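Novice: Residue numbers (the UniProt record's numbering), protein chains in the order written: chain A, 1 to 247; chain B, 1 to 436.
No lab work stands behind these hints: they were computed from the structure. Fair warning: this is a prediction, and the values are worked out from it, not measured in the lab. There is no bait here: all hints are sound.
Using C-beta positions, here's what the derived DEER-type ranges look like:
(1) A:Val144 - B:Gly56: 49 to 55 Å
(2) B:Glu363 - A:Val144: 34 to 40 Å
(3) A:His203 - B:Gly413: 42 to 48 Å
(4) B:Arg60 - A:Gly149: 54 to 60 Å
Cβ coordinates follow ideal geometry from the N, Cα and C atoms, glycine included.
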Amino acid sequence: MLKIEGLTAEIDGKEILKGIDLEVPQGEVHAIMGPNGSGKSTLSYVLAGREGYEITGGTASFNGHDLLAMEPEERAATGLFLAFQYPVELPGVGNANFLRTALNAQRRSKGEPELDAMQFLKTARARMKELSMPEDMLKRGVNVGFSGGEKKRNEVLQMALLQPRVAILDETDSGLDIDALKIVADGVNAMRGPDFSAVVITHYQRLLDYIVPDRVHVLMGGRIVQTGGPELAKQLEASGYGSVQAA
Amino acid sequence: MNAPVENSLSEAGLSAAGAAGFLHRYEGLRARLPGIGLPWLAALRDRAAEAFRAQGFPTRRVEAWKYTDLAPLTQTGFGEPLTPVESALPLPRHAAPKRVVFVDGRFSAELSDADVPVRSLARHLPELEGRLGALARTDDLPLVALNTALFEDGALIELGPDEDGGVVELLSVTRADRPVTAHPRHLVRLAEGARLVLIERSWGHGESRYLHSPVFEVEVAAGAHITHARIQQEASAGLHLSTVFARVAEGGTYDSFLLHVGAKLSRSEAHVALVGPKAAAHLNGAQLLGDGQHGDCTTFLDHAAPDCPSRQTVKTVLAGRSRGVFQGKIHVHQVAQRTDGYQMNQALLLSDQAEIDSKPQLEIYADDVKCSHGATVGELDENQLFYLRARGIPAAVARSMLIEAFLQEAIEGVTEESARAALSEAVAGWWERNAA
Chain A
1 MLKIEGLTAE
11 IDGKEILKGI
21 DLEVPQGEVH
31 AIMGPNGSGK
41 STLSYVLAGR
51 EGYEITGGTA
61 SFNGHDLLAM
71 EPEERAATGL
81 FLAFQYPVEL
91 PGVGNANFLR
101 TALNAQRRSK
111 GEPELDAMQF
121 LKTARARMKE
131 LSMPEDMLKR
141 GVNVGFSGGE
151 KKRNEVLQMA
161 LLQPRVAILD
171 ETDSGLDIDA
181 LKIVADGVNA
191 MRGPDFSAVV
201 ITHYQRLLDY
211 IVPDRVHVLM
221 GGRIVQTGGP
231 ELAKQLEASG
241 YGSVQAA
Chain B
1 MNAPVENSLS
11 EAGLSAAGAA
21 GFLHRYEGLR
31 ARLPGIGLPW
41 LAALRDRAAE
51 AFRAQGFPTR
61 RVEAWKYTDL
71 APLTQTGFGE
81 PLTPVESALP
91 LPRHAAPKRV
101 VFVDGRFSAE
111 LSDADVPVRS
121 LARHLPELEG
131 RLGALARTDD
141 LPLVALNTAL
151 FEDGALIELG
161 PDEDGGVVEL
171 LSVTRADRPV
181 TAHPRHLVRL
191 AEGARLVLIE
201 RSWGHGESRY
211 LHSPVFEVEV
221 AAGAHITHAR
231 IQQEASAGLH
241 LSTVFARVAE
251 GGTYDSFLLH
261 VGAKLSRSEA
271 HVALVGPKAA
281 AHLNGAQLLG
291 DGQHGDCTTF
301 LDHAAPDCPS
311 RQTVKTVLAG
321 RSRGVFQGKI
331 HVHQVAQRTD
341 GYQMNQALLL
351 SDQAEIDSKP
361 QLEIYADDVK
371 CSHGATVGEL
381 DENQLFYLRA
391 RGIPAAVARS
401 MLIEAFLQEA
411 IEGVTEESAR
421 AALSEAVAGW
431 WERNAA
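Just need the whole structure built from these sequences, with the hints factored in.
Specialist: Structure, rendered in structure tokens:
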């Protein structure tokens with residue numbers, strides 16, 4: 001279970017998160033919706049451990065582990081995965097080398113045997129096929145020269161390989177056409193099960209047609225202001241965030 | 001046999017520090033230096049000694065030495081290497097199937113492989129009148145003057161027309177159990193259409209300060225091609241001051257890659273002249289400098305003929321309290337129309353106490369020329385680091401991946417696989433020593 005209580009955080013002295021309370025039980029997929037500047041990306045970065053944010057109060061834990069006390073790589077090793085809104089380009093780092101290094105780092109931290117190059121390639125190729133990714137994307141530099149859709153598919157590929165227990169998908173739908181959106185959604189849906197939970201952060205309702213959430217939260221002004229079932233997303237689509245503010 | 005110079009000083013005896021000490025040594029050794037019986041060579045050595053006397057060691061007041069201080073050299077008293085060479089001398093693994101080994105500047109037949117197209121220069125001096133010293137300037141380069149006066153041996157590589165010399169490793173080992181100096185003189189001559197891959201490594205054993213100061217003269221005739229991978233892996237207290245002169249005729253290529261990973265202080269100078277149309281030069285390199293190290297890559301590239309391309313990418317990684325220097329001068333003569341020159345210098349600073357000095361200099365006298373240069377200095381990108389760590393990759397591994405990626409571009413340009421592999425291994429070795 002991902003559990004966030006009273007989380008406040010600021011960047012450069014400006015308070016962005018003003019007391020987030022959120023519980024995502026194991027096996028559930030929750031959506032966080034909200035307008036630009038509401039703190040959605042800040043929340044995802046704070047949970048993943050990016051530097052530059054000052055946590056001023058509250059707690060965040062995953063299955064009892066205090067996330068905020070851990071290094072980013074330790075959070076990943078406990079099963080947390082952040083799909084980046086803007087995947088980072090790593091010129092000179094081959095995608096295959098990157099994926100295998102990440103996978104083996106996590107396997108090592110769990111005491112599992114590392115995969116050799118052949119075992120890794122076999123696994124990676126199978127996952128890539130499911131995501132309709134051309135095989136030469138393994139040979140290229142990480143995200144270098146990838147289209148927006150390829151970058152997002154590369155994020156989902158990483159998730160499929162690393163098999164996290166909780167995934168935060170930060171606007172994974174942005175920049176995707178409808179075909180790519182379906183592929184990405186299928187990738188996420190394939191992960192769903194009793195040991196996987198996800199927080200799907202999105203501005204639009206569109207993605208939630210394909211990844212149907214158990215709960216929908218509305219984040220505005222650094223707080224969760226409303227929570228409901230999937231129908232809340234449809235309602236927001238129809239009447240906009242202004243209606244929430246009025247509520 | 002190659003007659004080694006007898007020890008002129010007792011085991012503990014060191015000559016005075018500074019230029020005076022070296023001149024005194026020249027006077028003491030002169031009568032026993034190889035080839036001193038050849039009038040042309042005796043005159044060459046004496047002129048060089050005089051040129052060194054007139055100049056002394058360069059100080060930082062000399063423009064070309066503004067960023068590199070030779071105090072560690074001039075404040076040390078040096079002595080002669082001891083003989084003989086122990087056959088049990090530990091050596092690094094081969095970087096190429098065939099290699100020749102020089103110990104303290106002298107050819108070691110015992111440690112070298114057979115059937116390598118490399119001979120001992122000292123044994124062939126009578127044949128080399130007019131060739132030895134044809135490229136190396138002594139009047140304004142005191143370290144070259146010192147080498148010319150004091151050299152005892154070196155590699156002699158002469159390939160005939162269209163001859164393929166294959167891949168050869170030239171390993172120079174200095175035994176640093178006491179402060180010794182080695183001034184090997186290497187002569188490489190490729191006739192028309194000849195080819196050679198030369199993997200040159202400088203290696204040191206021991207804790208003492210020492211000086212390894214080789215000079216190369218490389219003649220590349222029309223259509224000939226040499227890949228010159230230079231791997232400086234001196235011991236940690238070593239001083240490495242090397243100079244390469246190369247002259248490239250029509251359609252020939254001097255393709256070099258310089259790697260500085262060892263030594264307390266190193267400076268590698270390259271003086272390359274493109275003297276025939278479509279002659280090409282690649283002067284790429286990387287410096288990996290840890291705490292207390294100083295590395296200086298200085299190049300002078302002369303475009304003296306039309307239609308010549310030159311490429312130069314030099315990357316420097318600086319950790320701890322280290323200092324890196326890049327000086328790259330390109331001189332395009334009036335005759336050198338349609339010159340295509342590219343120069344890029346990039347530095348990655350891993351510590352607040354590291355320093356890089358970068359000085360590109362372009363002098364262009366032709367009007368139809370494409371010449372670009374650039375320099376960047378940066379730190380590791382925080383976004384990239386976070387991305388890797390967010391995937392579970394420990395911070396130290398993430399940093400090494402990004403540094404390797406930074407170097408990758410430079411090393412990828414080395415098309416000879418054997419040379420690239422040797423360079424990659426040296427980079428990996430540096431990382432293993434400096435990662436912790």
